[in-house]
Amino acid sequence: MEQLLRFLTRYGATFLFILLEALSFIVVVNQNSFQHAAFLSSSNQWAATLLNAESGVTSYFGLEGTNRSLAVENTALKNEVTQLRGQLEAKRDSVQGLMQIAPDQAYHYLMAKVIGNSINRLQNYITLNRGSLAGIRPEMGVVNDQGVVGIVTAVSPHFSVVMSLLNAKSQLSCKDKRTQDFGRLVWDGVDSRYAQWLEVPRHADIHVGDTVITSGFSAIFPEGIPVGVVTKAERPLTSSYYDIDVKLFTDFSRLTYVNVIQYQNLEELQTVQEEGQQ
Amino acid sequence: MSGNLFLKYLLRFVIVMLIQVLLFGNIRFMGYVDPMFYIWFILSLPSNMNRSLFLVIAFVTGWLLDIFFNTPGIFAFATVLVAYLRAPLLTFVVSRDNTLSAYEPSIKTLGLSTYLKYASLLIVLLHLTLFSLEAFTFSHYELVLFKTAINAPLTLLLVLSVQKSKAS
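Line order of the protein sequences matches chains X and S.
Note that this note's numbering has the first sequence beginning at 1, numbered continuously upward.
Note that this note's numbering has the second sequence beginning at 1, numbered continuously upward.
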């Protein structure tokens with residue numbers, strides 16, 4: 001007993017060191033399984049409350065830029081409303097109330113404010129001030145008025161964490177707006193303005209300046225949300241795929257307000273997909 | 001540790017963490033600038049502190065940062081490693097004729113050149129560990145070295161400037 005005590009006082013710290021390092025390392029290696037644990041992320045109640053208070057102060061600094069992009073979006077929406085109203089009038093005239101088609105209400109947008117954000121890591125996450133009480137669930141898509149932002153990973157009652165497009169683990173199915181060729185958009189961790197578009201076959205016809213949009217293959221994002229512009233499209237001799245860089249529309253260094261996309265039939269789709277795989 | 005000292009370090013802990021999370025957590029300049037000022041708190045704890053307690057404090061510090069930055073385990077691992085290697089490094093760099101038995105490692109107690117050796121080694125180790133763990137499953141070796149080369153001097157500068165302003 002005395003020997004044990006002496007041993008512990010001598011090497012206790014080293015044991016504790018090994019124990020703590022092993023614990024941290026296990027968490028690092030199993031990151032994926034801890035990602036959805038709200039208490040381990042910044043959607044944790046205390047952490048998020050602090051971040052929220054901070055964004056109350058710092059969001060004033062970006063007001064001018066935010067205002068400008070809101071004004072731009074306003075104009076675009078007004079234009080769209082006018083155009084749609086015109087189309088509606090035309091339809092009403094031609095059909096004269098004989099036929100009524102329910103508008104497609106599959107997607108619903110929820111507004112949320114960004115209270116935590118980073119772009120300087122390899123795995124960047126964004127914290128939002130809305131959570132499960134507002135209807136946000138993991139696997140929902142997040143966009144802003146510029147383009148795609150990311151996908152929700154963890155949710156607590158009042159806050160949620162979004163895996164940014166600027167995350168080495170993020171993958172987004174995209175297509176070329178002009179040619180409809182599709183591939184996987186990933187981020188290589190180097191520049192927060194550019195992402196890489198993989199697996200676009202070399203027989204496709206991709207040009208610099210092409211717009212890249214979401215493909216709509218999953219229920220996370222509807223089809224056609226803008227993602228970015230092709231800035232480099234090369235065909236390496238050794239590869240059967242293109243080597244493409246995409247300049248992202250979203251300015252991740254100045255995110256303030258975002259929209260979380262709620263897909264109304266998500267549960268139904270997931271049930272069907274699960275049944276289909278059995 | 002007397003009550004007064006405890007309060008002093010608790011206050012320092014809170015302030016350093018707030019600065020790290022609210023100020024340095026918000027730098028989005030170039031996407032590479034990411035100084036780890038919080039390590040000053042670990043570097044400045046008294047040299048005669050119980051080693052186990054010291055490790056637990058380092059673990060809690062790292063864990064809290066992991067929660068704020070959504071980096072499960074990464075800060076905890078790196079901070080505990082730095083804390084564990086601090087004692088052997090201190091006995092290595094501090095000259096034998098130093099008569100102080102218990103001291104708070106700083107420019108004032110160690111002298112600039114000794115403190116520089118002590119702080120820069122641990123700070124470089126911290127950044128290398130953090131950025132390597134972050135890149136764990138990816139082949140980003142040049143990025144790890146590049147980010148360390150940019151941020152370790154920045155962290156060292158911040159740690160030094162905090163003490164300069166204190167001494168005067």
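Please keep in mind that the hints were generated in silico from the structure rather than gathered at the bench.
Check each hint, because a few of them may be wrong.
[Claimed, not checked] Some chain X residues close to chain S (C-beta under 8 Å, calculated; not the full set):
1) Phe17
2) Ser24
3) Val27
4) Val28
5) Ser118
6) Thr211
By construction, the Cβ of each residue, glycine as well, lies at the ideal position given by its N, Cα and C atoms.
Can you list which hints this structure breaks, lowest number first? 6
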